[in-house]
Amino acid sequence: MPIPLIGLLLVTPALIIVLLLFIVPLFSSVTGAFDVDGSFGLGNFQKAFELYSSDMIFTVVIVLLSTFLIGLFSIAIGGYLTLGSNPRAVAILRWLYRWPLFVPFIVVGQILRTFLAKNGLMNSMLVEGGILTAAQTVSFLDWRGIVIAFVWKQTPFVTLLLSGAMASLDRSMIESARNLGASRTRILIEIILPQVLPTLLVGLILSFVTMMSVLSVPLMINAQSPTMITASMAFRINAYGDYGVANALGFISLLITSAAAWIYLRQTMKERA
Amino acid sequence: MRKVFYSIMALGLSTSPLAAAELTVITAGDQNMVDYINQYLGPLFEKQNPGTTVRAVGTGPGDAGSQKILERFDAQAQANVETWDADVAVAHEKFVGPMVEKGYLEKYRDKIESGALVTRANAKMALGSNVDGYVMPMFNSQTALAYNPALVASPPKSYEELVAWAKENPKQFGYNGIKGGASGVSFVMGWIYAFGGDADKLMNGPFDAAETSKWNDAFASLKDFSTNATMTPGNAGTLDMLSRGEISIGPVWVDMFYSWQANGQLPPDMKLVLPAPGMPGQPMHYVIPAKSPNKELAEKFVNLATSPEVQAEGIVKRFNWYPGIDAKHVEAALDKETWAKLFTDISPEDLAKYGKAFPIAPYNTAILEAYERQVGN
Amino acid sequence: MMAGSIDLKWIPRGLGLGLLAFAIFGPLTNLLLWAFTERWYFPHALPLEYGFSYWANVFSPRGNATTSLIMSVLIASLTVVISIGLAIPAGYALARLRLPFRGAVLLILLIPQAFPNLPVYVNIARIFYQFGLNGTVLGVVLVHVTHGLVYAVWIATAAFSAIDRELEEAARSMGASALRTFADVTLPIAAPGLLASAVFVFLESLDEFTGTYFVGAPDISTLPLLLYTAGSGGNYQIASITAFILLIPSIAFMFVIEKFMRADVLSKVGR
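Chains as they are written, first to last, in the working numbering: chain A, 1 to 273; chain B, 274 to 650; chain C, 651 to 921.
In short, the hints are calculated from the structure, not lab data.
Computed from a prediction, not measured in an experiment: that's the story for all the values here.
Be aware that one or more of the hints could be misleading.
If you want a taste of the chain C side facing chain B, the calculated C-beta under 8 Å gives, among others [said to hold, decoys possible]:
| hint | residue |
| --- | --- |
| 1 | Tyr691 |
| 2 | Tyr779 |
| 3 | Phe864 |
| 4 | Asn885 |
From the three backbone atoms N, C-alpha and C, an ideal C-beta is built for every residue, glycine too.
The following block holds chain A by itself, in its conformation from the complex (with noise of 0.2 Å):
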């Protein structure tokens, strides 16, 4: 059997499940996007552009912003856990950094929300501690919330993919490398990130795509406008049973993250080729 053939064969039963079970579905949702009144049109979008081309932006902001905070934190701990020379510290932030994994996005909703108010706890203990005063104190339930929500939770699952990929890294480089002298922040950005790129890249678009579809986090920590595309279409169904304007924002989601994600694949056709 040709090699291709072989290929298409091990990837068919994934494809079929994803096809079956949401790509059809999916079908008449995305057809629906551009129905206006029974025939096809444009009118979903242009009302979605009109309406909520803020929430556009500042969805793609918010989740770019996030992104790169994301990839900057867990290089820096996956760092530390690779190249740390005090075995104690390096257990402690082993221990430490993936907590946040395991707490549901809905729940990272309610616990930010409650820590990050103004009068929150997060303030009320700086205050107590006598590190802020009452009149210092700032809410950050705005788009800050969201970004610190979406790192929190993210964080630990792109550096628990990092630290993994670094941590099969041949270590005889490094050692050598910092035999001559070479500092460890370095030998951390020239030696091991080049090799873990693929790896972190990987973590960071599903990160990405994750962002963008989360509904509770928006909802529970700025629910004002504009607000994240999710949050928006949310509402156009459930206070207008317009899915017609729903649809045409999933789909321009979808645009958003299939660029992302194309950006990443040309990258890595281009690295194969």
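Once you have looked at the hints, place chains B and C on chain A.
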């Protein structure tokens, strides 16, 4: 792998809905709706009907919860399912109209005893749709302004007074816009009733597109007002900020307010006020799908749930909700003290005068879209 | 480092770890406090009264918490088995074989996460009703697999493509069959990545409630389903307690996986 597959299939078969006399109640609304059925109504019904079991499924609070019930019915109707998997559903007023129009529901009110105990207009019309006979109100809910008496000595009695108060106390009024739940929506509707036009026309119809142009000034002033207000994340978010003292007044659902107080999440001295010319409220309705597998049992269940005794003991006394059936039948079944407790903050007269309905569906949609265009953006 | 003297490096180290601990455990403390709170409101920085009455509520016979927990774990475990079973061949093919439409295949697998699901569930539910899958464990598992596959396949692909081809070629040149090489060389090296993806699929399944409602309810009841009403309605006590119970299987699963990962990494070091 094959073993796993077989065991999954076996599980799939063994959990298919076959068990006899199992009454499934799907309910929108907060945790207390599920609690109400699990802790009070379900056990009571099971005691009266030995051999039956009641199970409650919560679909979440607010319009989203009711929307999920409607979508569940949509899916079963489109798939031509013979018997549906719900016997009784509890949904918000706004969603029973579409359910009736799509022919999903059983017309049962005349078949049950307690049907005669409901005469209120909102049990016949739901936002402009005729639902007469298809619904029994579980309870009536109302929005009002909750405030902290320690921070607000004399609460504003009208929307005008609220505007003046909010000007003097910037950021002390908080509401959740329109995307975060119906308490904010209700505040906006009240604003339009107060400053935008003819409340009676909005509530009773008929729909007239010319009416929508009269709201521009009201929305301009609301936009102004909102910049001076705190925006809260959702219905629960408003209560949350009230409980932490970050805002001192804001619109809430009365039933949610009481359940938060009962859960120790709100200071016990918080109070409610219903400002003139009024804010909307709405009933939660019991409905029975026409393809319910246990229709008779379902009717029996709703009959029990809307009997004066249960409305008195369960709805009013235990859960502090305004009764669904006509008040006089419930008042007769209760001692004076318990009945009076229901009206501690909002007197029956105020409730009658200022407890409004939501605008009919087309106005509802028009107001929300106008808000999105003129205030939200 | 001199023995006996205080290591000065612990000052920045402790500061960093302390800050991280605050960022991570601050919000989690909130969860812990709410789980045992009876009364908590302004202006009190901490709960006024602690107690177990909401635990009694959650674990009341009609609360269904225990059976829902078992059901959640069962569904999550089956989801992991199926997803990983599908992801290993798919990931290998995507990473190693010359595949037509490789990018398109990866994109298609991404779509269940990329299109916000809210308007799609009605259609999914309709199809599941037609096939009689509604109210079955299999139905719920399939929905969760659909969402988990992207994690499983994408991460598996990354794990397989990170493997040095020379190792495989060496095994092949020593006369091992393709299957044998895969089982003895490729799979063990990719194992940490695959196991990590298993953790994510497991957690994703334990988080999911909308699909479970549309496809599983009323016959299948999982903990996230119970959590959703309490969480979005602002009943912090019930939501926190349910979240706590959900921590148990998540951490247990992580622990088991961790054992596997350690053993594997260690064995590689020995060779």
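Comparing the hints with the structure gives:
no.: 1; hint: Tyr691; result: 4 Å, holds
no.: 2; hint: Tyr779; result: 4 Å, holds
no.: 3; hint: Phe864; result: 7 Å, holds
no.: 4; hint: Asn885; result: 4 Å, holds
The structure shown violates none of the earlier numbered hints.
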